[in-house]
Structures are given as structure tokens and as C-alpha cells.
Amino acid sequence: MSAPSAPGAASGAAVVARVLALVHDRAAGAEAEVVVRSGTSALTRFANSFIHQNVAEDISHVALRVALDGHVAATSLDGTADDDALARLVGAAFDAAAVSPVDDSWPGVTPPVDVPAVDHWDEATAAVTPDDRARGVAAFVAAAGGLVTAGALSTDAIHTVFANTAGLAAEGRVTLAALDAIARTATSDGVARSSAVAFADIDTRAAGERAAGKARAAADPTDLEPGRYEVVIEPSCVANVVGFLLGYGFGGRAVEEGRSFVRLGEPQLDASLTIRDDVTHVRMAGLGFDPEGTPRLPLDLVRDGVPRAILHDRRTAAKAGTASTGNAMLGANPWGAVPASLVIEPGALSPEALVRDMERGILVSDFWYTRVLDPRTLVVTGLTRNGAWLVEDGRIVRPVRNLRFTQSYVEAIAPGRIRGIGTDQSLLADEDAGSFLVPSLRLGSWNFTGGAKG
Amino acid sequence: MDDLAVAAVEAALVAGARYADARAMDSRAEVVAARNGVLDAVHRDERTGVGVRALIGSSWGFAAVPDASPAAARAAGERAAAIARASTLVAGPALKLAPVPPAAGRWASECLEDPWSVPLDEKVALLEGVTQVMRDHGATTAEATTRVWETRKWFASSEGARIEQHIRECGGGMSATVVGDGETQRRSYPGIRGQYGTRGWELVREIDLPANAARIADEARALLAAPACPSLEATDLILGGEQMALQIHESVGHAVELDRILGWEAAYAGTSWLDLAELGRLRFGSPLMTITADATLPGALGSFGYDDEGTPAHPVDIVREGVWVGVLSGRDSAAIAGLEPGGAVRADGFNRIPMVRMTNVGLLPGEHTLDEMIAATDDGILMDTNRSWSIDDKRLNFQFGCEIGWEIKGGKRGRLLRNPTYTGISPRFWGSMDMLGNRDEWRIWGTPNCGKGQPGQIGHTGHPAAPARFRGMRVGVRG
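Chains as they are written, first to last, in this note's numbering: chain A, 105 to 558; chain B, 735 to 1213.
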């Protein structure tokens, strides 16, 4: 099999240097920042218990932002980073900047600063082959004990090189392996997920057994009357809640424009809740700097239920009179800063204990298709998926059909609403959507507004 | 570039593939965005590379390389075959691709005014101008965006197909958001995502953003003071055309994707409530409901000459007078289901595997005007412009929110209603449709952000739609 042809860190640094030289040649006084991402991304997908899509791509992405006398523009390139292509990239950026009005909120490029030593990299994962992934899928399928299976097993190995005209340079690399798969009965699905920096830490056989066990336990569900129920929500649901909470409430742009519910320093959330953005966590995935080169230092966003910090890129930070938190996104986006590596530390209760303490409630595996009805109150509608069970007097009594909910996520974790935090802290990582290291939560009330069949 | 696709295919065959196809692509895109009267972003990107698909036994492999050299294309072909061979370790049932005569052809979308020839400062002035007007009319946040895409692709297959396509797409939109005491309200134009098509800059001129900027800001402010949509278990609901496009996309378009019906998306996007055994006789909706998937509609965002398997674009009946009669399919899924290939397979760039995607999925027009629907409604609610959308993994249970609502009493449009939502079950909902907009009300909407697949792909789809009335709908679901 042919070796991947994408450049590694060394050639990435050469591309960055070449782009900055071209910028200098074009306008010596211009500011510029360059990000080069290179590597391989591969994903093996299966359904009906066989591999039906199996893909790999080499990545060669060059992103440039220039500012000349306050005129700012950005360009990017996916393709061969040869001299002609890089010259076009630089030329297009200056052409766009030339017709852009002066950007009064341009914060300038990041000055030289130390970047934390973060290296979530596993050499063996970077060398995983399609055969390795196929064998992993085969183990999942076999462990499901005859149930129909479906899912995806992926590996990514990406080098990132950053430099700007202020002299800041940074390099990083990330490997990530992830399994997200289900086993299916005729009436139910059971899910298992596992993410890690090292492919060797993904036990697909154990995941297949877990998914099959959950599918069998969820089989033949019956309807449950909608209404307010106590819930235990598993880590993927918690990641969904925290992602919305941070994405809509803690972004500098949302705060600046009055769309956020957050009031720093006030006890708006349950006192048991502490949320950190922390790419340095030993189990986390991600880079030690953002696409503007800002170091991503550990940050307490919520401490003991009290919002403590807002996520910023350089632009929103400058407007707020503070420093960037290292949460910029690559490329054009209307959101501003976004959360990237969220951590909720595990609690003292096992998942079984969380359920045991519930008088009457629902255990939920996954949320699905969640959408915000109002960004300020964070009322969200969505459905349960991959298993929900009615719990009475601390015991699971029966699986229930999927339910629709319409619930304010802020209210769901308001003071007094979190009744337990699980020990089952799990990494849910995605190359596009960020990483969450979160446990299960037991919540006092969740508003189910209908059954999936009406 | 045609040589690159051929080289990739030949390399895959030498490496053991029994079938291979490849797309060499050269594409570029532009986003211009303004916020509150000033430019927010100008971003241009270009992408060049080759993606190749190889079939060994019944197992697929796909490899992509961001490199337009013959050596890289050949390496991608070999790699695709190696990946396909790995797939045989967990192989599926025997597969014979549904036959499609190998095409040799060229196709280009119609473009009256090349979007790339429009000076960037003109685009900036347009967007800064409309966002400033919205600010002047009370918007807390005023946003406007234009987008342009241009794609040239060369397709080759081991069966001898050789196809070149040149597709230009563009469009834009704007929104005004106001922040009140404890909540926000937003109005968008022409729709939540704007309006897009396989057309030139003439589309942006036609939607006339400046003529609508003040209105939507005024409406957003008015919504803050409007009463909330009442919570009713059953009322008559009239949906505007933009919301109907979303309704069709979510509850019909995705439900009739054959890969979902076959279970290929079970772990991620989900499956479908539809069972192939009922194709041709299942009642999906009322007799007013006739839906086609037609990639030949001029200027629509889901139009093309050939799909990414080389199948010529053609119309496919999906629902005929309320009866489910067709699906969206490709050569492998159609073969498994025993159907004709639907020509609905596309990829989001050279680096993504082609998969079943919507083309232009929408309603044929009915007989009524919106005014006639309102006049015929004694007690109901009119809603328009999508604000939120959520639907279950079988595409059966949905809850959608709109930006704006109006009370209807005694056949007249009354006061504004804020935060309108409705919920339903797909076949019951479509079965309750008793009035449908006529040709004058009918419009093809473009959706430029349809997500599907792993790794994620963004699809461009079109949706012919018109206002319609539904009886006995549950509205006003709250948290």
C-alpha cells in the first residue's frame, strides 16, 4: 500500500515560512498569521454488520489571514502547497484586503508567548492501517452476539504549524481514535462509544458487548406518559448540555451582544458543578494553542456553580478589554470563540448508584437532534435515542420508547437541580466538534413533552 | 484534470479493483459577511485534489489526496484498492451495481452574471448597507452574508464514463436579532439560511436585500412585544413557503434516502420509518401531496448534469397524490433494493465519498393562494421562516419552530404571535394537508447546509415549495 503523501511537521514549517516570506515581499508592513494542517484522517464505517464505507484522506490545509493598514482578509488552500498555489493564496488575501474597509476591531496578531507543552500524540495510532480498523470492527461485530451492528471506527493523525509576523511560532500534533457504534434488536438500539489518543485504548470487543447488552435491555420498549421526570443522563447527553451551555452562553460575542444568560460571579448553576476548559488534561485531545496562536491555558469557566470566565478570541477579548482565552476558530465563523476541551471532574457515585437514588425517573443514553428555541433562555428541543428506561424506587423497571423534550438547559442545572455526579467520566472527542471529558449526571427535573410516535 | 481521474481509476484496477471511479476537482468558494454596518469577514478558499473509489468483491474503499499530480492520483487509486481489500475482512452480501450506460459528456449550470466578476467592494457595500439599515431600525445584531461556490470536476469510471461539469452556485441572506427582557427575537430574509441556487449573481440582485432590511428589523422588534403563540392541542395551521421547504427537507427528503431505509446510516444520521415492502402503496399524505426529486430544474441548488457516479440527472417521482412511490438512490443501494438507480449520489468535495443526497425534492403546486387559505380558515395560526428544527432518527416525529406567527380569526390575518412552534407525526401531518399554494405561490428554495455522513459532508439541496394548510395541528409546545 502506498504511503500517505501529505507533508508532516517539517514540510509544514517550510510552507509557513514560505507564506510569510511571500507576505513580506508583497507588503513588508503587513501583519499575517499562517496555519498549516497536514496529516491523515481515516474512518471505517459499518452497517448491517459489514463494512460499507471505508475512507482515508491526506490533509494539506493552509490558512492565511493578513492585515494591511487595518484592512483584513483571510484565504485558505486545500491542495498542493507549491509556489504557484501559495502565491495565489497570498495574492488573493491582499486583493481581498485591499477592498475591505478598515477593520476598527482588528486586534493585531498574537505577540510572542510561551505555548504550553501539550502533546496528545501516539505514534502507533498515526501508523494504524485499514486492516487494523477492519479487525477492530470485526471484534465489535462478533462481540454483539448476533445482533445487527452499525457504527464507525476512526483514526486521525494531524500536525499543525503556526507562525505570524510578530515572531510567534508554534507546532503541535494530535492523534485521535474513536469508536461510535450500536447493536440493534428489532425494537431497540444500544450504543457504545470510546475515544482516546491511542488506538490501542479502544477496546472494540468490550464495546460490542456493552452495546449489545444495552440493546437487549432496551428491547420491546413501551410508551411513557410525557411530563416532568427526574433523569440520569449519560455522558453523551451531558456533553450535549454543556456544549450548548458554553457555546451559547459563554462566548464573548454572545455576551457582547446581550444574547447570553451568563452573569459572572452570580450562583446561576448548581453548586456541585465545575466546568473547565483544559486541553492539558492527561485524558484530553487537542492542541496547546488556537488558530491565532494564543496558548490554551486551563480555564475555570464555572466554579462551584458560579460562572467565572468568558471564552474569547483576540477580537472579542479586545472589545471586552481582556485577553484571549485561546478559543478562536479556524476560518470564517459568525460565532466568535467556542469551547474546545471541556472537563467536568467525576463525582462519587457510580452510574448504578445514580439510578439507585432515583425514586421515579428516566435513565437516558443519548439525546438526538437537539435545537435551541431561544438562545438566551437556552430552551432546547430534542429526543432521546439509543435507549431510555423508567426507574422506580431505584430500580430499572422497563425500557420506554423515545421521548421528545423541550427543556431549558440552564434551568436543568440551576442551583439545587444536580442531585448526583457519576464516576464514569468519559472522553467524547470529535475532530470537528471539540472534546468533552464528562460523567453522567442525575438531574431533578426534565420536561418531556411528547412521545416519538405522537 | 481528466487525465488525473483516469490515472486514479487505472491504478485502482491494477491494484485489484473490479470497478473504480474517480473525481478530479478544482473548486473555490467565497464568503463575505457584514455585521452591524461593518464588514465582518472576507474569506476565500480553493481546493484541488482527487478522490477515487474502488470496489473489490462487494467491498468499497475510498482514498483522497489534495494533490493534482498524476503520481498522487495513481497513489490514491492504489490506496483505495488497499482500503477496499481491508473492507473485505468484514464483507457484506454480493453486490452488482445497477447498470448505467457509461456517459461521455459535459454540463454547465446557467450563469448570467459571473459572481466572481462582481467587485468585492460592491458586495461589501451591499452587506454593510443592509446591516446598517437593520441597525437603524433597532436590530441589536444585524447580519448579512453572500456566498459563492464554483466547482469544476472531471469524472472517470472503469466502465468508460468520462464527464466534465462546471457548476456555479451563489446566494445570500440577512437577519435582524433583537434582545428583549429575557429572550431574543429574530427575523431573516429571504429565509433562515438565505436563498441559494445554481445561478449567477443575478440571484442576489433578484432577492433585493435592501428592499427588505428595514421590514425585518421592524418585525423583529414587534415580535418582542407580541403575545406568545398559544399552546393548543389542535388547530388549523398554515405554513409559509420557506417553512414548507424545511418541512419537506426534514420529513420527506431524508426519510426517502435509500441508504437510510437500508440501515446504512443507522448509527449516525438514523434510519427511516419507511419500509421498502410498502413502496408503491403506503399513504404518505393527502391526495394534494405530489413530490418529485428533480435534479434537472434550472437554477435550483440541487441541480447538476450528472451525479457523482456518472448517472444523468433525471426527475424521480417520490410521492404521487399522497402515495409513496420512489426513493433517492445510487447504483449500489438501488441494486440491493431492486430499483432503478436514482442518480442522487453526490460528494462534498474531492475528499469525501459519494453518498445518497437530496437533489431538488419538493412539492408540485396546488390550486390556492395564501390569501385564499387565510380566508378559508376560521380559527388558526399562520407561521413562517424556520427558526428551529428537530426530528427523530426515523424522520417521523418532528418539532419545528418559526420566527413569526399570526393569529387567524374569522378568515383574517390578525395579531403577531412570537415563538410559534408546532409538532407532529409525519404521515398524520401530511395527511392533514387540505390546501396547497398554486404556481404563483410556488418557489424553489435552496438549502446550502445539509449535513450527513461520517466524516461529515455538507450538501446543497433544492426544495420546491408553496404555502399549505394543515388541520388539527398541535402548536405552542414550551419548555
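Honestly, the hints are just simulated from the structure, not real lab data.
Just so you know, even glycine gets a beta-carbon here, dropped at the ideal spot from N, CA and C.
A hint or two may mislead.
What the hints assert, rightly or not - Chain A side only, calculated, beta carbon under 7 Å to chain B, not exhaustive:
#1 156
#2 160
#3 238
#4 369
#5 439
Open item on the list: Using the nearest Cβ pair, does residue 369 of chain A come within less than 7 Å of chain B?
Closed with: 20 Å, violated
Open item on the list: Given a cut of 7 Å on the nearest C-beta pair, is the interface hint for residue 160 of chain A held or broken against chain B?
Closed with: 5 Å, holds
Task: Cut-off 7 Å, beta-carbon criterion: hint that residue 439 of chain A touches chain B - done: Cβ of residue 439 of chain A sits 11 Å from chain B, so the hint is violated.
Open item on the list: Does residue 238 of chain A hold up as a contact with chain B if the rule is Cβ-Cβ below 7 Å?
Closed with: 4 Å, holds
Task: Hinted contact residue 156 of chain A with chain B - closest CB pair below 7 Å - done: 6 Å, holds
When the structure is compared with the earlier hints, violations turn up for hints 4 and 5 and for no others.
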